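Chains as they are written, first to last, in the numbering used here: chain E, 1 to 360; chain W, 1001 to 1326; chain Z, 2001 to 2261.
Any given hint could be a false lead.
Claimed, not checked - As a list, the in silico EDC-like pairs of lysine to aspartate or glutamate whose alpha-carbon atoms are at most 16 Å apart:
no.	chain 1	residue 1	chain 2	residue 2
1	W	K1322	W	E1200
2	W	K1019	Z	D2087
3	W	K1026	Z	D2084
4	W	K1268	W	E1150
5	Z	K2098	Z	D2014
6	W	K1019	Z	E2060
7	Z	K2027	Z	D2014
8	W	K1268	W	E1200
9	W	K1019	Z	E2081
10	W	K1019	Z	D2084
11	E	K259	E	E226
12	Z	K2108	Z	E2141
13	W	K1015	Z	D2084
14	W	K1015	Z	D2077
15	Z	K2027	Z	E2013
16	W	K1015	Z	E2060
17	W	K1015	Z	E2081
18	E	K105	E	D315
19	W	K1015	Z	D2082
20	Z	K2108	Z	E2130
21	W	K1019	Z	D2082
22	Z	K2098	E	D234
23	Z	K2143	Z	E2130
24	Z	K2098	Z	E2178
25	Z	K2027	Z	D2227
26	Z	K2143	Z	E2109
27	Z	K2143	Z	D2126
To be verified - Listed next, the stretches of chain E that the computed footprint assigns to chain Z, with coverage defined by at least 3 CB atoms under 8 Å from CB atoms of chain Z:
no.	stretch
28	232-238
29	247-257
The set of hints was computed from the structure by calculation and includes no laboratory data. Keep in mind it's a predicted model, so treat the numbers as computed, not measured. Positions of the beta carbon are idealized from the N, C-alpha and C atoms, including for glycine.
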Amino acid sequence: MSNFLERPSVQPWARVKKSQQLELILASVLPTVIALFVVNVFGVHGAFGMITVFLPLQILAAGFVGVRRFGKKGFGDSLLLVSTISFAALVAVLLLSVLYSVIIKGFPALSAHFITQNNVYVSTTTSLEYGGVGHAILGTLLVVVLATLAAVPLGLAMAVFLTQSQSRLTGPVRSFTQALAGLPSIVSGLFILSILPFLGMERSGLAGAMALFPLMLPTVARVAEEALRLVPADLRMAALALGAPNYRAFFQVILPAAKSGVVTAVLLGLARIVGETAPLILTLNANVSTNLNPFEGGIAALPTYVYGFISSGYDTSLSRAWGAALVLVILVGILFGLARVFSRSKSLKTKSSSKKKGNK
Amino acid sequence: MNEISKTLAPQTRRKLKVKPTTTGDKVFSGVTSAAASIAFILVTLILIFLFIRAAPALQNQGIDFVFGSEWDPDGSGVMQIFPMIWGSIVIAALGVVFATPMAISTAYLIVFVMGKRASNIATTLVDLLAALPSVVLGLWGLWVFTPVGEGWGQILNQYFSWIPIFQVTDVAAGFRSSPFIAGWIVAIMIVPIITSVTREIFSQLDRDLIGGALALGGSKASIFRQIILPTCSRGITGGVLLGVGRALGETVAIFYVLDLSFEINWSKLLEPEGGAVASLILARFGEASSEEVSGLMAAGLVIFFITLIINFLANGIVARSKAGTR
Amino acid sequence: MSQTTTAATMHTEDVSVWFGQRQVLDKVNLTFPSHQVTALIGPSGCGKSTFIRTLNRMHELIPGAGLAGSVFLDGGDIYGEDVDAVDVRINIGMVFQKPNPFPTMSIKENILSGLRLSGRKINGADEIVETSLRRASMWNEVKDRLNDQALSLSGGQQQRLCIARSLAMNPKVLLMDEPCSALDPGSTRRIEETIKELSSQMTIVIVTHNMQQAQRVSHQTAFFLADDNTPGGVVEFGPTEMVFKNPQDPRTNDYVNGHFG
Chain E
1 MSNFLERPSV QPWARVKKSQ QLELILASVL PTVIALFVVN VFGVHGAFGM
51 ITVFLPLQIL AAGFVGVRRF GKKGFGDSLL LVSTISFAAL VAVLLLSVLY
101 SVIIKGFPAL SAHFITQNNV YVSTTTSLEY GGVGHAILGT LLVVVLATLA
151 AVPLGLAMAV FLTQSQSRLT GPVRSFTQAL AGLPSIVSGL FILSILPFLG
201 MERSGLAGAM ALFPLMLPTV ARVAEEALRL VPADLRMAAL ALGAPNYRAF
251 FQVILPAAKS GVVTAVLLGL ARIVGETAPL ILTLNANVST NLNPFEGGIA
301 ALPTYVYGFI SSGYDTSLSR AWGAALVLVI LVGILFGLAR VFSRSKSLKT
351 KSSSKKKGNK
Chain W
1001 MNEISKTLAP QTRRKLKVKP TTTGDKVFSG VTSAAASIAF ILVTLILIFL
1051 FIRAAPALQN QGIDFVFGSE WDPDGSGVMQ IFPMIWGSIV IAALGVVFAT
1101 PMAISTAYLI VFVMGKRASN IATTLVDLLA ALPSVVLGLW GLWVFTPVGE
1151 GWGQILNQYF SWIPIFQVTD VAAGFRSSPF IAGWIVAIMI VPIITSVTRE
1201 IFSQLDRDLI GGALALGGSK ASIFRQIILP TCSRGITGGV LLGVGRALGE
1251 TVAIFYVLDL SFEINWSKLL EPEGGAVASL ILARFGEASS EEVSGLMAAG
1301 LVIFFITLII NFLANGIVAR SKAGTR
Chain Z
2001 MSQTTTAATM HTEDVSVWFG QRQVLDKVNL TFPSHQVTAL IGPSGCGKST
2051 FIRTLNRMHE LIPGAGLAGS VFLDGGDIYG EDVDAVDVRI NIGMVFQKPN
2101 PFPTMSIKEN ILSGLRLSGR KINGADEIVE TSLRRASMWN EVKDRLNDQA
2151 LSLSGGQQQR LCIARSLAMN PKVLLMDEPC SALDPGSTRR IEETIKELSS
2201 QMTIVIVTHN MQQAQRVSHQ TAFFLADDNT PGGVVEFGPT EMVFKNPQDP
2251 RTNDYVNGHF G
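Please model the complete structure; the sequences and the hints are all you need to start from.
The structure is reproduced here in structure tokens:
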């Protein structure tokens, strides 16, 4: 409906035609390929190679494509495109390198017993056929779940305040929440350490969870706030006009409408803390066996496990570190993938007037 | 019939009850308001408790804790962290120098060049980069990136050692564990935050402004240089500052790729020694005496204080420039 | 559940409205007799939508909202000291400009949502659903798909669902804020028929931009106008026929004859 209201949209960066796309891709890739070839065959290495082979080729290619497309003006445009693509490609290469290394180096360590067994009889040189990260997976789950139990309801409550309150304090509350989001994780660990004596507590799983809580809270609050904001204000008004008190309007109308967004908030919060290392090193005592008592005893977690095995210098230990890192990355990947799936299903952005067939 | 009265007789405004009336609403509003104060309470508590535990060290060391360059808690009892602070600053600066072009380029491509699907995928990948645990980056940094970065350092030193920052005292000592390498690791960690802030700022730009400039015959390159960058520079600065805050707090990854040293490394980026306050805490914590723990708490307080100020500043800039580009 | 409701009389005394320091309405005095449809007309920005929101205390949900004067429902001030806004809204229903059924609920759940949201017990859910949908004259269209999602309905149906949702609460007064402005002519006609039928059961106040609609559905009409930079107010108020055929104020004449607005 109301098509006549739609303005003709301005498309400043018009799409590139298919044939020209090919040219562009060739111009971006060819110099790299040639440069790699030269480097490998003639042994011109590193920055010297970059400067003498790659850069001139790249600029030539860019200029060629640009001038072909737009005449003189195109030269600068193509240079802009090529340089941005090169920088972005560097980001991609670094990310892929991390993922590739973790998968390739971590995979040999993976096995059924690696993710189920603990490390009780493992020394630095014990072969990979024995022991695993089962205890660390359980420990991570325990600590993370405890932190989540506190951070999710409170983060959600913060989001409600930020979206609904008419108070003048919403500005400062948002500022402090953002400031907390930048809290260095090691400081969170130090903070919990500093209050443990006052609480009469020891380093423990609970202390670890407490150290993760301030790190998770702002993420949950921010994402949940975005989710609640996506719920049309009309719906809250409709509920209030029907005589609903605020809390019923929230639980019966707003929260169900924002459900997928809130789930996303929880998942991103989890992804934020599941790999946190520094606070756990400070607040957990290490342990090689399984311990599910959050109040006493050492607890291993995946990140601290990786930390412990990184620099021991023995190949099997290093393999264990890579293996545990792979498990950790898979965990983060799962949380992250789920979050994407849920945030896609934000179907409620659609206005109530849209012709959406919602029959399920 | 009635006329609109041109002179408004003063009327007393009624007090509109915005206070919750039912029990359920009282509880609801109480809980949400209490939760809203948590961020403030946490920040305050962190400052207070770190200060309580840091007080003994701060009292003993005085102002030299921040400006001196010696760390000997078990011998003379002197604890001074200036080399670490300076090292953190150098690494953060390097991280920003490496990360900013990558982030702006990525954001530019996502907002102005890519189609919808491609930009969605790219955004997801950048977010995934942000979600990588720092211990994994440390592992990768030590065993995969260090050899590569070492090579880059060697070349820089070989061809550019006439620039002071690329000189080293002893070439034979190698180019591992340098601020240069730590800067790269930090850059990887802050690319996502700068990208996402820049992306938001870019996407809020008035498209008609760009369309108009194109219609006037401007090339994309000139529009990027003369319109996009100047309009968005404040927001990007805010994003970069957020990145600086994150870089200063980074602990584990730097711990693995850098050799901490209390000899101040002023500017030799390729020298295999440097400093990072957060990494110092991690490095010393294990075998620290109670006096040294107090010193580490003080170091934590310093890093928290700095990042807090930077974050407030950065978020303020980002919020204002978001409102400004609209 | 009985079909008939006790309609109520409403009237306002010197209602003035502010947003922050800006006054948008000045001393509005209107009476809405029971079983009558009152149309509020006037150009955009004259404050008529704001005014209708003061009638069931929705206005106060906007930050910085201010109000003076009184609104009476059957003689009781709805802004009184010990009056709960929630009770006011239960008695005075509201239909909005854009249809806003609850997207996570089925058609049936939407009808019952008012009762659930105001925390009342539901006896004979099926009967309430059927009665309400019949009163909104859409029972026959949806009786076989009561468990479908509300968003599967067309725009016009969604708006009538919202009317039915309000009717399930058995309100004494029904406020409608430009209920047809987002709908096609066919849907508009059906809603106008519904309004006429409902007027025998309750008091109705409707804001509309559409002069013909005001003449078709209302018994009396109030013309709101705001001069530049002054708060809006009622220029003319009387039986609809009078206001349109024989207006007393020249400005009303100009407006209803399409000279401005």
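Now for the hints, and whether the structure bears them out:
At most 16 Å may separate the alpha-carbon atoms for a hinted pair to count; K1322 (chain W) and E1200 (chain W) meet this at roughly 8 Å. With a C-alpha separation of about 15 Å, the suggested pairing of K1019 (chain W) with D2087 (chain Z) holds against the 16 Å cut-off. Only pairs whose Cα atoms come within 16 Å are accepted, and K1026 (chain W) paired with D2084 (chain Z) is accepted, the gap being roughly 13 Å. For the suggested pair K1268 (chain W) and E1150 (chain W), the alpha carbons sit about 14 Å apart, so the restraint of at most 16 Å is met.
A threshold of 16 Å between alpha carbons decides the hint, and for K2098 (chain Z) with D2014 (chain Z) the separation of about 29 Å lies outside it, so the pair is violated. Simply put, K1019 (chain W) and E2060 (chain Z) have alpha-carbon atoms about 11 Å apart, close enough for the 16 Å limit, and the pair holds. In summary, the hint linking K2027 (chain Z) to D2014 (chain Z) is supported, as the alpha carbons are separated by about 4 Å, within the 16 Å threshold. For the hint pairing K1268 (chain W) with E1200 (chain W), the CA-to-CA distance comes to about 36 Å; that exceeds 16 Å, so the pair is violated.
Between K1019 (chain W) and E2081 (chain Z) the alpha-carbon distance is near 12 Å, which keeps this suggested pair within the 16 Å criterion. With a CA separation close to 10 Å, the supplied pair K1019 (chain W) and D2084 (chain Z) stays within the 16 Å bound. At roughly 12 Å between alpha-carbon atoms, K259 (chain E) and E226 (chain E) fall within 16 Å of each other, so this suggested pair holds. Taken as a hint, the K2108 (chain Z) and E2141 (chain Z) pair is honoured in the structure, with Cα atoms around 13 Å apart against an allowance of 16 Å.
The suggested pairing of K1015 (chain W) with D2084 (chain Z) holds, with an alpha-carbon distance near 14 Å, which does not exceed 16 Å. Restraint check for K1015 (chain W) and D2077 (chain Z): satisfied, since their Cα atoms lie roughly 14 Å apart, inside the 16 Å limit. Restraint check for K2027 (chain Z) and E2013 (chain Z): the C-alpha separation of about 7 Å stays at or below 16 Å, so the hint holds. With a C-alpha separation of about 10 Å, the suggested pairing of K1015 (chain W) with E2060 (chain Z) holds against the 16 Å cut-off.
Note on K1015 (chain W) and E2081 (chain Z): the hinted pairing holds, with a Cα-Cα distance of about 9 Å set against a maximum of 16 Å. Distance restraint check for K105 (chain E) and D315 (chain E): the Cα-Cα separation of roughly 11 Å lies within the 16 Å cut-off, and the hinted pair is therefore satisfied. Among the hinted pairs, K1015 (chain W) with D2082 (chain Z) is consistent with the structure: their alpha-carbon atoms are about 13 Å apart, no more than 16 Å. Simply put, K2108 (chain Z) and E2130 (chain Z) have alpha-carbon atoms about 9 Å apart, close enough for the 16 Å limit, and the pair holds.
A hinted pair counts as satisfied when its Cα atoms are at most 16 Å apart, and K1019 (chain W) with D2082 (chain Z) qualifies at roughly 12 Å. Our distance criterion of 16 Å between C-alpha atoms is met by K2098 (chain Z) and D234 (chain E), whose separation comes to about 8 Å. Of the pairs offered as hints, the one joining K2143 (chain Z) and E2130 (chain Z) holds, with about 8 Å between alpha carbons and a cut-off of 16 Å not exceeded. The suggested pairing of K2098 (chain Z) with E2178 (chain Z) holds, with an alpha-carbon distance near 8 Å, which does not exceed 16 Å.
Between K2027 (chain Z) and D2227 (chain Z) the alpha-carbon distance is near 15 Å, which keeps this suggested pair within the 16 Å criterion. With a C-alpha separation of about 13 Å, the suggested pairing of K2143 (chain Z) with E2109 (chain Z) holds against the 16 Å cut-off. Pair hint K2143 (chain Z) plus D2126 (chain Z) holds up; C-alpha atoms about 11 Å apart against a cutoff of 16 Å. For the stretch 232-238 of chain E, the proposed coverage by chain Z is satisfied: 5 residues have a C-beta within less than 8 Å of a C-beta in that chain, meeting the threshold of three.
Counting residues of the stretch 247-257 of chain E whose CB lies closer than 8 Å to any CB of chain Z gives 6, so the stated coverage by that chain holds, three being the minimum.
Hints 5 and 8 from the list above are not met by this structure, while the remaining hints are.
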